[in-house]
Amino acid sequence: MKYVIIGNGVAGTTAAINIRKFDTAGEIIVITEEDIPFYSRMRLPEYLAGSVSEKKLILYDDAWYERNNIRLVTNRLVVSLDVSGRQALLENGAAIPYDKLLAATGGSASVLQLQGSRKNGVFTLRNIADARKMKQFSANVAEVIILGGGVLGLEIGNALRKVGKSVTVVEFFPRLLPRQMDDAGSGIFKAMLESLGLRFYLNARAEEVLGNDLVEGLRLKDGTVLRGQMLVISAGVTPNTSIFEGTGAILSKGIPVNDRMETELPNIYAAGDAAEHSGRNYGIWPAAEKQGEVAGINMAGGNTLYEGTIPSNSISVAGIDVVSFGEIDVECTLPSLVYKNQDRGIYRKLVVRDDCTAGCILCGDMSARQEIMSAIREKQSLSAVQKIVENLELKWTPSQR
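Residue numbers (the working numbering): 1 to 401.
Everything hinted at is true.
No farther apart than 30 Å at their CA atoms in a straight line, the calculated lysine-lysine pairs in the DSBU-like style are these: (1) 135 x 165; (2) 221 x 165; (3) 221 x 119; (4) 162 x 133; (5) 395 x 379; (6) 162 x 135; (7) 290 x 253; (8) 2 x 21; (9) 290 x 55; (10) 2 x 253; (11) 133 x 55; (12) 133 x 119; (13) 119 x 162; (14) 387 x 340; (15) 56 x 290; (16) 290 x 21; (17) 135 x 55; (18) 379 x 290; (19) 165 x 56; (20) 135 x 56; (21) 340 x 162; (22) 135 x 119; (23) 162 x 56; (24) 253 x 379; (25) 21 x 56; (26) 133 x 165; (27) 55 x 162; (28) 340 x 379.
FRET-style restraints, in silico, Cβ to Cβ: (29) 115 x 163: 27 to 33 Å; (30) 22 x 259: 17 to 23 Å; (31) 369 x 164: 31 to 37 Å; (32) 42 x 251: 24 to 30 Å; (33) 179 x 383: 26 to 32 Å.
Bear in mind the hints are in silico, worked out from the structure with no lab data behind them.
Note that beta-carbon positions come from the ideal geometry of N, C-alpha and C, so glycine has one too.
Working from the sequences, and respecting the hints, build out all of it.
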């Protein structure tokens with residue numbers, strides 16, 4: 001059996017691991033357009049800050065692939081699929097045959113339709129190649145503008161703050177971490193970051209990147225002009241599904257898969273950011289890892305199902321930790337128990353649905369984190385977590401109970 005995996009991120013690598021568990025003799029080929037083995041994309045902001053070397057980013061080195069009899073092909077881009085001929089077609093004209101194929105092609109950083117966005121000094125961060133360019137360029141600038149106040153945007157902003165840059169973050173929504181926090185928690189988090197020197201423009205829309213060939217600043221829709229010699233756009237991820245063009249597959253938010261991570265195309269699976277399961281692209285590491293596991297097992301003849309992943313995000317900026325898990329109810333329409341302390345930078349929220357724990361937001365204090373997450377996974381009743389509620393001083397919000 002010959003297995004071809006396109007992409008060496010967490011989904012593709014986890015699939016390879018699980019194929020090898022079930023098939024010790026089959027040929028496994030992992031193809032990546034990148035030039036290094038499997039590494040931690042999540043730590044790229046640390047690389048920007050100089051706190052970790054490129055070598056330390058690598059999770060599995062060449063020797064690991066050799067030990068597991070997995071062939072890693074780097075610096076090669078798969079451009080299309082020959083479904084009837086069972087071949088992956090490369091940019092250089094080569095064709096690699098397969099019996100089973102996994103598309104773990106990930107996603108590309110979304111680029112906003114913004115006037116002047118092609119100027120020198122505009123960056124996105126998705127892979128090590130992006131990080132190398134950003135690190136080299138940032139060495140010669142003093143002021144950086146981050147367009148996007150989500151998890152990655154804030155991690156990049158803090159990394160560049162650490163190396164002495166003046167950082168301004170522009171966010172379209174009226175709060176930071178708009179998908180991970182509600183207004184109350186975001187306000188506390190924002191105040192803590194401001195105390196570190198980060199500046200924020202919320203509920204703001206970018207209009208034009210200023211400068212001739214080089215970035216000199218950013219003009220907002222309301223006329224505000226921000227100075228900066230470097231602009232980082234962090235506006236989400238677009239699934240990489242171009243290899244499916246011309247195959248007859250119907251694309252939606254990604255390439256649709258069933259619970260076995262199979263696409264509608266014979267012998268072709270998908271996992272990670274490129275895959276759409278039950279109408280959803282998760283875009284988070286735990287989901288990609290689990291999808292890769294399920295795909296690998298089934299490709300090797302096993303039988304297991306992917307049942308979805310509880311939404312989760314975590315961020316740590318200058319020692320300030322934030323975790324969101326499960327149903328966090330950013331619009332505050334569900335009952336919730338809350339503790340907040342502006343002075344200490346602490347916010348805790350436990351969301352309740354049908355008298356059961358449904359989700360949480362934790363900011364500044366990770367006490368009982370694992371216990372709360374377990375309760376949410378198991379949909380424990382409020383009475384079962386009463387001791388946690390008392391210890392964390394959680395109270396019903398004024399409009400509830």
